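Protein chains in written order, with numbering that gives the first Met the number 0: chain A, 0 to 97; chain B, 0 to 320; chain C, 0 to 102.
Careful, some of the hints might be misleading.
As the list claims (entries may be wrong) - Some residues of chain A that are not near chain B, with every Cβ distance over 10 Å (derived):
(1) Ala8
(2) Val15
(3) Leu22
(4) Phe27
(5) Thr32
(6) His35
(7) Lys39
(8) Asn42
(9) Leu45
(10) Leu71
(11) Ala74
(12) Ala77
Said to hold, decoys possible - Selected chain A positions facing chain B (Cβ under 7 Å, derived; list incomplete):
(13) Thr21
(14) Thr38
(15) Leu82
Unchecked claim - Once the Cα atoms are required to be at most 30 Å apart in a straight line, the calculated DSS-like pairs of lysine-lysine come out as:
(16) B:Lys76 / A:Lys64
(17) A:Lys90 / B:Lys76
(18) A:Lys90 / A:Lys64
(19) A:Lys39 / A:Lys90
Hints in this document: simulated from the structure, not taken from any laboratory. If you're wondering where the values come from, they're calculated on a predicted model, not measured in any experiment. Just so you know, even glycine gets a beta-carbon here, dropped at the ideal spot from N, CA and C.
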Amino acid sequence: MFVSLMSVALLVAGAVFFLAGTLGLLRFPDVYTRLHALTKADNLGLGLMVLGLMVQAESLAAAGKLLFIWLLLLAASATAGQLVASWAQGKGIAPWRG
Amino acid sequence: MSLLPLAIDLVLALTLLWLAWRALNSPDLFRAVVLFIALGLVLGLVWVRLDAVDIALAEIALGAGVTGALLLAALAKLQPAASQTDELQTAELQTAELQTDQAAVMAPIALRLFIALLLLAFLAGLGFAVWQLWVPAPGLSNLVEARLDESGVAYPVTAVLLNFRGYDTLLELAVLLLALIGVWSLSTAPHLGDEEPEPALAALSRLLAPLMILVAAYLVWVGAYAPGGAFQAGSVLGAAGVLLRLSGWRLSLSATGWPLRLVLVLGVAVFAFIGLAVIGFDQPLLGYPPGWAKPAILAIELAATLSIGAILAALFIGGRP
Amino acid sequence: MSSVLVFALAGLGLIGLGLYGLLVQRHLLRKVLAFNVISSGIFLLLAGLARRAPGAEPDPVPQAMVLTGIVVAVAATALALAMMLALRSATGRTRLEDHGDED
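From just these sequences and the hints, can you work out the full model?
Here you go:
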């Protein structure tokens, strides 16, 4: 009971971060700030979701695989963010100044 | 029965249709390709909802991943000058191209309407046929279930792919090879410039490439009793090849001759050899002798994985080395 | 109305949208996209038909066929894109000749 409650709480928290990230992606003014929303909020959201699923995992191996997926995604999204940002900079897109 | 799963599935199905419509009708080609990749990813979710985990793996790696990379690479070759000019010019260029595009890109409106009506009639007929077919039927699953013990593997989809319907898989490997021969006969591989790749990308591919090879090996092995197998593993290998290529890695010249070609044909060659060799043991073509199914399937899957990975990467590079 | 039927109908919709795009669009890259949408629709329909029996294990034969199909579709896409690029470098056009066209 306690385990599933904790799992639900983590999953909901993860979903909230995803929602915030998506909102940022849609509402932020330029490519750099949007990247910020994507790489930070969504990665944290996925981390919380993975944690929520890990407490429910049947075995240590399954939990390890979930953690591994999160680490891989961190590496991939950090690289993708870097690539998009340096492409934008190469194009001469100036960062937004409110 | 709760209504929530059905609601989720309805949302997924509508998302699919909306993405497909936008991907096919978006005026900007780049946007169209990106929407198409998104369609592949949502489709992967749909396969999970349909309990088809193998297909989901293949769809994400191939339908979204490799196809997306192929489309983006082709798009980059179509618009080579656009990246050099500065932003303003590019925008002007694109609007000019767009206007000519709009005039000549689509069929006239009357013809479009006629085609749409014709297609609606066709879809109504197809829908009726599907409706007629929609009676609960086990299909061939009972037959597969009954003979699974003889197949050499414990997972039905792998049994169908490599034993019961081995013909399909053999010919499919041949189709892959034929496609590559077609691509190779159309062009030679573009020369890779000497510019330094992005340091972050280079670091990521150094990190991921060995990991992807490990995952591919795991997928082949796990295919004997769970979702996985040569196709998924080969797709992961192919994706590793695409990643390495993007970060500027290249095969050494000594390996692009017959060693590369050997790897490319290995899958078809091993499959055909085993399929023919069994005739010597009083078996029909592609029928494994009792007790030999498992090693035969493992050998074929390993060879096929290597070939599928190499062929997919070669298709992405596009052109004879 | 079951979830499987929803997806089979979505498959039908994808086939329709794809066929429409294939016939109406003239840019060859768009035709390749449309062709891929059609194949996705066919795969969904096939996989849906494999799961008609409620609650039972899905039929592995259509699943294996869809797997095979996805790989073949990727190979065909690669070949089609290579042919499009070859046409472009030979004629400078990205669409097929049309008798009604002035160019």
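Checking the smallest CB distance to chain B, is Ala77 (chain A) really beyond 10 Å?
7 Å, violated
Val15 (chain A) and chain B, when compared Cβ to Cβ, separated by more than 10 Å
Since the minimum Cβ distance to chain B is about 19 Å, Val15 (chain A) lies beyond 10 Å and the statement holds.
If I take the minimum Cβ distance from Thr32 (chain A) to any residue of chain B, is it greater than 10 Å?
It holds; Thr32 (chain A) is separated from chain B by about 19 Å at its closest Cβ, greater than 10 Å.
Taking C-beta pairs only, is Ala74 (chain A) more than 10 Å away from all of chain B?
Contrary to the label, Ala74 (chain A) does not stay out of reach of chain B, its closest Cβ about 6 Å off (not over 10 Å).
Over 10 Å from every CB of chain B: does Asn42 (chain A) meet that, or does the non-interface label fail?
15 Å, holds
Is it correct that the beta-carbon of Lys39 (chain A) has no partner in chain B closer than or equal to 10 Å?
17 Å, holds
Claimed clearance of chain B by Leu45 (chain A), with the beta carbon kept past 10 Å
The claim stands: Leu45 (chain A) keeps its Cβ more than 10 Å from every Cβ of chain B (closest is about 15 Å).
If you draw a straight line from the CA of Lys90 (chain A) to the CA of Lys64 (chain A), is it 30 Å or shorter?
39 Å, violated
Against chain B, with CB atoms and a cut of 7 Å, does the hint on Thr21 (chain A) hold up?
Since chain B brings no Cβ nearer than about 14 Å to Thr21 (chain A), farther than 7 Å, the hint is violated.
Pair hint outcome, Lys76 (chain B) versus Lys64 (chain A) [Cα-Cα no greater than 30 Å]
Cα-Cα ~38 Å, so violated.
Given Leu82 (chain A) was flagged as interface, is its beta-carbon under 7 Å from a beta-carbon of chain B?
6 Å, holds
Does the structure keep Lys90 (chain A) and Lys76 (chain B) at a Cα separation of 30 Å or less?
Measuring from Cα to Cα gives roughly 19 Å; hence the hint holds.
The structure does not agree with the numbered hints 10, 11, 12, 13, 14, 16 and 18 stated previously, though it agrees with the rest.
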